[in-house]
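Protein chains in written order, with my numbering: chain A, 74 to 306; chain B, 19 to 275.
The set of hints was computed from the structure by calculation and includes no laboratory data. All C-beta atoms in this analysis are idealised placements derived from N, C-alpha and C, irrespective of residue type, glycine included. Check each hint, because a few of them may be wrong.
[Claimed, not checked] If you only want the chain A side, here are some residues facing chain B, beta carbon under 8 angstroms, derived:
hint, residue
1, 84
2, 104
3, 142
4, 208
5, 216
6, 301
[As the list claims (entries may be wrong)] Heads up, simulated PhoX-like pairs for lysine-lysine below, C-alpha to C-alpha not over 20 angstroms straight-line:
hint, chain 1, residue 1, chain 2, residue 2
7, A, 295, B, 93
8, B, 175, A, 101
9, A, 149, A, 139
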Amino acid sequence: MSGIEVAGGRKIILPMSRAVEISLRSLKIRFGRSLITTSGVVLAIAFLMSVWSSNEIVSSLRDVNKSEINLLLQKKGVETGLTDGGAQSEEAQARLQEEQSKQMWLIGLSLLVCVVGIANAMLMSVTERFREIGTMKCLGALDSFIVKLFLLESTFQGVAGTAAGIAIGFLLTLGLALLDYGGFVIDYFPAAGIVQSALYALVAGTVLSLIGALLPAYRAAKMEPVEAMRSDT
Amino acid sequence: MSQAQEQASTTVEMEEQRTVVRTQQVKKLYKMGEIEVHALRGVDMEIYTGEYLSIMGPSGSGKSTFFNMVGGLDKPSEGKVYIDEVDVAQLDAYELAWLRCRKIGYIFQSFNLIPVMTALENVTLPMVFAGLTSDEARDKGMELLGKVGLGERYAHKPNELSGGQQQRVAVARALANDPAVVLADEPTANLDLRTGTEIIELLREMNKDSGVTIISATHDHKMLSVSDRVVWVKDGQVDRVANREDLDIEVTHVEGE
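Make a model of the complete structure from these sequences and hints.
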């Protein structure tokens, strides 16, 4: 109980294992809301994944360039340029590009909405937990502990939501493709392309969740410990 | 202890007391839009190691501001606050966190246990921050929970405990890192009469056992009889300080009425 030593021993830590435990439990105790927050990610990533995997499947089928497949593709309004002359191929290319840029817009918008949704939900969660955060700070938590906890929470939500979104998006697209093109989808299944899309989607979902949580986590960390004393909140 | 020392300690008891919190001309000014509010208007106060001090005063008196000041939760606009001879204003964020973690224990009006953690985990959280291994923390946490009479309820979550039990867990948590000072903010305000008395007695017991200084902001007159000193704050200034001897008379007087 002698005064504060200036040298040595002035360490405050929050081990990662403990941080993970705390944030997982915080998610569990607010399971309902975590689910709603996560569903935003699920939907956005499902959309992203379905667009990407349907692109993969269609381009894989087009590359096969068999007349029976081309017929099916044309029925669905997909250009199968390779059999025709150069001029038409150019036109097809232009149309394809236009389509792709439209897709990009839609994907971008859906991801943006997703980030805003995450940020909104996390801000609510921070406001709800003012006193809890203040208490932690009274117990000696550093700003960085609070940031760590909130970012971890959001990352877990992001990873879980993204995984679910990838699965849903892919399975829906696969189902539709099977209806449209039958067994050819399986015969010429673009496994590598799908896996690559899934990985990109996973990265995108996780990064988005982190971005959405940055501002709320910062706000939480900057809270004054004296907030813990307020009795009316 | 030699006879001479013993004599010395009885004759010059006041001078021998070590100061744990000291404030010098502490002023606090809040700006609420155009209006300036003087929450504190120059408070000088010394709080000694091992004493049980109650701060009383109506709301708006500056009591809370003063309380937060001595607890390292707020910095003065003017003047100095020393906790364990360290000027709080000089500390950076990291050092402040360290001070709160190791030197000060907090007890709140509304208990403020972390809802996702069990009683034991709540008690051991400050120890984790302080760098204890989980074994050390668990042993010490169990010991503290035993002391507050909740040894068997260590695995309960806060919402499975009564208000009085939650406050007991909070007392154990406040003592986790053997702090120099325990700050109790209206610790009995959300408790019924009997439970409140129990918590006050528990605090007094901890104060006697481990010699920890207890500073409590309160409206509760039950607090008076266990306090070594009572400070009344009024209009941002210390209105009156009373020692226990004087208090006993007052309390009996009040009870006699």
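Hint-by-hint comparison with the structure:
1. 84: holds, 5 angstroms
2. 104: Check failed: Cβ of residue 104 of chain A comes no nearer than 12 angstroms to chain B, outside 8 angstroms.
3. 142: Nearest chain B Cβ about 55 angstroms off; hint violated.
4. 208: holds, 4 angstroms
5. 216: holds, 7 angstroms
6. 301: With a minimum Cβ separation of about 6 angstroms from chain B (threshold 8 angstroms), the hint on residue 301 of chain A holds.
7. A:295 / B:93: Roughly 16 angstroms between the alpha carbons, so the hint for residue 295 of chain A and residue 93 of chain B holds.
8. B:175 / A:101: holds, 14 angstroms
9. A:149 / A:139: holds, 15 angstroms
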